[in-house]
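Peer 1: Sequence:
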Amino acid sequence: MPDGIYNFNFTQNALGRNLAGLLASYAFVISILCVSILLRAKTKFKDEWNRKFVHIAVAHWGLIYYFLLDNFWFALIVPLTFAAMNALSYKKGLIKSIERTEGARYPGTVYYALSIALLSCLGVAADCKLYALAAMLAFGWGDALAGVVGMKFGKKKFPAPLSGKSLIGGAVCFLACFVVVFLVLCLEQVFMSGQIGSQTGMKINILYILGAAFTAGVAGATVEAVSRYGLDNILMPVALFLACMSYGAGVDLSGICLALAISVFVAGLAFGLKALTPGAFFAAIVTGVLLYVLGGAYLFAALIGFFVIASVAGFVKGQVNNNAQLKDNSSGQRSVVSRQLKDKSDNCDLRIVNCELNKDKTDNCPLSLVTYPLKNGRRAVQVFCNSFPALILAALYYFTGRPACLIGAYGALGFALSDTLASELGILSKRRPFDIVTFKPIQKGLSGGVSFLGLLASILGAAAIALFPLFDASLNPAFTQSSPILLNILPAAMVFGSGVLGALFDSFLGSRFQAKYLLPDGSGLVEKPAEDGSYKLARGFRFIDNNLVNLLSCCFAGLICFLTGLVL
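Just so we're aligned: the sequence shown equals residues 1 to 568 in my numbering.
Treat the hints with caution; some may be incorrect.
Unchecked claim - Okay, derived cross-link-like pairs now, DSS-like style, lysine-lysine, Cα gap no bigger than 25 Å in a straight line:
(1) Lys440 - Lys430
(2) Lys536 - Lys91
(3) Lys317 - Lys430
(4) Lys156 - Lys91
For the record, the hints were derived by calculation from the structure and aren't laboratory data.
Keep in mind the model is a prediction, meaning the values are calculated, not measured.
Based on the sequences and whatever the hints tell you, model everything.
Peer 2: Right, dumping it as structure tokens:
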């Protein structure tokens, strides 16, 4: 592993190489943007094709990264810089050549830059920059060609539970990822083994290379097919990187099969309870297997515990809401459905229920918000937001062996269950919630609201996940079967604390920054914008929705555990 990988204390030659890489990176990306602007202004190059040109070209920054950047912070600076620039361009429309002319609800260009930053960090931290390079190039070519070919020839689409993208686009994505990963690994094998002009080195590893390339093709095409909301720009590079890591790695196939069987069984039960949509069912299975491979049996058990408890809580909430609604309708205390709004982007039906409770002191709110999913249960994007940070931290643990990374993964899951129970059970409180910042009563159902029942549920959720690290020997080198709990009390306490703090942080973000829209008649607030844009933004930022708030809070909880684990 190169000297100075996490700091700036390295030799003069290494410093010069990284500085040269930094300057070359900025010159390279700025040149691509200038070319794209000229193409848009001086030619009849279609805007979408122009975006794909930028998409492919920028992916080749990985070559500069691979040969010149071997310091963690230098590798992180460039993609984060352009992530910030892309966010500004997305909000202000500064660089027309990289933005969709019809407007995009989700900032795919920002996700793209963040995914490159993530791959850069993983490659340097795990000393496997080759796999990061292969993932960058495969993602750049596979995603872009899938979009171009799909627009031109894609008449047949994937079924509704998936993303609705074209079948031929998925096939092209598989082929592109397969070819790119195969070529990168072959070239590395030939040149790094000194077998230029000879097939000796190739014969030894050709089967592994073919296996890694095929796995990468399947992973890339699958993520491309199921991803919505621009999330393929984050999920696909990670999936490709993990697929490349299978190259030459020994894996416990029997354990994976058992984890797969348990994941299918538990996700199937959750689907049967209508706690998961079809897309979320698939996402839960993939997440379970990956966490088992990367983090071990106890982290996998914590995830299964999360799904079981969350599914039961969601089922209980649904039963209580249905019973309350039937009771209210039969007694004539409430008139249901004054307005119905359908958001096709996430298949959600929002009903504004007018409360007529004769100023009941327990709930004197004139309006409460109740959400009824058209497709019952959590969606794939919600599963992603609650599990992605744990997956990344588990991957870091797998590649580096640092227990702090594994503790961070537990912390992310602790937040996920803490926040889920607070949301599912807190809304059942008979008393009005209060804003976590102002402590004033707010409309029931809005993010940022806190109730005592929700706080209690949050604490219980974090405590439930904190039980699993008590018995995980991977967290403590001195772990013995005679005294496992005593040695792991501190990591468990860290998981519990970060879970509760993450849930409070989630409420804070929901209160101050999450977008909330005023209904045209001024009767209340909703968190989903109207398709025609008729709802006026009352507070927060348009691009910050509940899913992004959950993702940021989950990262926050995992980061607390990780940093605390490094210190202690």
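Peer 1: Within 25 Å, alpha carbon to alpha carbon, are lysine 156 and lysine 91?
Peer 2: 33 Å, violated
Peer 1: For a C-alpha distance cap of 25 Å, please report whether lysine 317 and lysine 430 respect it.
Peer 2: 13 Å, holds
Peer 1: If you draw a straight line from the CA of lysine 440 to the CA of lysine 430, is it 25 Å or shorter?
Peer 2: Holds: lysine 440 and lysine 430 sit about 16 Å apart, inside 25 Å.
Peer 1: Checking one constraint from the list: CA of lysine 536 to CA of lysine 91, max 25 Å. Satisfied?
Peer 2: Holds: lysine 536 and lysine 91 sit about 17 Å apart, inside 25 Å.
In summary, the one numbered hint that this structure violates is 4.
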